[in-house]
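Given the structure of chain U, go ahead and fit chain E onto it with the hints provided.
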Amino acid sequence: MVLHSFLTVFLSVRKKGGQTLDIRIDTRETGDQSQTVEVHGEIDVYTSPKVKEIITELIEKGNNYLVINLEGVRYIDSTGLGVLIGALKKVREKDGCINLVCDNPQIKKIFNITGLVRIFGIYKTEDEALKNLKP
Amino acid sequence: MNYLNYPARMEYLPGFLDYIRNEMIDLGINMEIIFEVELACEEILVNIIKYAYSGKVGDIDVGVEYEDEGEFIVYIIDRGECFNILQVENPDVEASLDERDEGGLGIHFARSLMDEIDYKRDEDKNIVIMKKRILRKQGSGDNENKK
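Sequence lines, in order, name chains U and E.
Counting from 1, one number per residue, gives the positions in the first sequence under our numbering.
Counting from 136, one number per residue, gives the positions in the second sequence under our numbering.
Just chain E, same shape as in the assembly:
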């Protein structure tokens, strides 16, 4: 798999998102799914850019993969501080306005919009694996989301 590598800085965020979006467009994935995957990836990438390297210089690798079973997979890799996304507690979505913060929804967004999110620590790397099913009926063999 090829990875796109850019510095972990905000000005490179559009480049990562363009890459992911264009891959999905090339696969004929519908716009509704593209919207959700792009939003989920943006939230994870922004989180890495803001916090992973604690102000130091760092980079991010993004790779995408499409499996015949109908799963679009995004791999987001950084070499910053160990951060297991799976251990982040979900915010209380039933909370009243007074109990809510202005931030803290990003990872919840990503979890809600993707079908599956996994995390691995491999030596110095945080690897986030984000999966989105793009078949409406599993096992039907017909990719209904394709143009």
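The shape of chain U in the complex, shown without the other chains:
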């Protein structure tokens, strides 16, 4: 029997518009060396270090195939993109792969203007992203 591990991390990082801004990161095992990372909230200069820490830990544990689901992400800045680029470099060194799930036109525009649409596999659904996890 395969035990699938789940981990949810909540992080409250700052006040924005008078409210605490929370980010939630869910990780779940989807295969032998693969994990899905689901991010909810904003990936910015404040939250990026935590997102980086969690993804780096997964990669260091041998998860070279990641699906990063950005459907719950409302905002991503250049620091957040840097985290994704760094993670992709790490898994590629081990012949791994990172696919993204994103159907939000605003977030997709960010990937377009930076040319990252040609670097990452970006899919509309998690199922598609998982099916296309290839070296």
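These are computed hints drawn from the structure, not numbers from a lab.
Accuracy of the hints is not assured; some may be wrong.
Claimed, not checked - The following label-pair restraints were derived from C-beta to C-beta distances:
| hint | chain 1 | residue 1 | chain 2 | residue 2 | range |
| --- | --- | --- | --- | --- | --- |
| 1 | E | 185 | U | 109 | 18 to 26 Å |
| 2 | U | 109 | E | 224 | 19 to 27 Å |
| 3 | E | 141 | U | 109 | 26 to 34 Å |
The structure displayed is predicted, hence computed values, not measured ones.
The beta carbon of each residue, even a glycine, is placed where N, CA and C say it ideally should be.
Positioned in the frame of chain U, the structure of chain E alone reads:
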């Protein structure tokens, strides 16, 4: 024009962004434009906070202006080292993964998301002027982005 003045420190970044966002909300600008202006301003502000004062104490002024022609303008002023944002080369967006760095996209973001960015050095001040058109059809007289 009134300016919001805070120290150039990360804990004040949300205050600057709240100010810019609230001004845009008050003008009835749609959320898509607010997202882009906020992101562009964040990138410029973070750059100033990290590099303008080289670890010394400094401050930032932020002012906003809306022109009847349909332009939302953000002025970001610091008194740090002279830094002409217009002279920063754009990263190669066609580059392969191996050729890419994790950083260096911020100013490119700002340039891409705003319609126009200008820079002036006025005595000891770096002045970044960021413009975003909020009319879909120039000269139509109808602000389609207003609620």
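Hint-by-hint comparison with the structure:
1. E:185 x U:109: 18 to 26 Å: For residue 185 of chain E and residue 109 of chain U the Cβ distance comes to about 25 Å; the hint holds.
2. U:109 x E:224: 19 to 27 Å: At 22 Å between Cβs, range holds.
3. E:141 x U:109: 26 to 34 Å: Roughly 29 Å apart at Cβ, these two residues keep to the hinted range, so it holds.
In this structure, none of the earlier numbered hints is contradicted; all agree with it.
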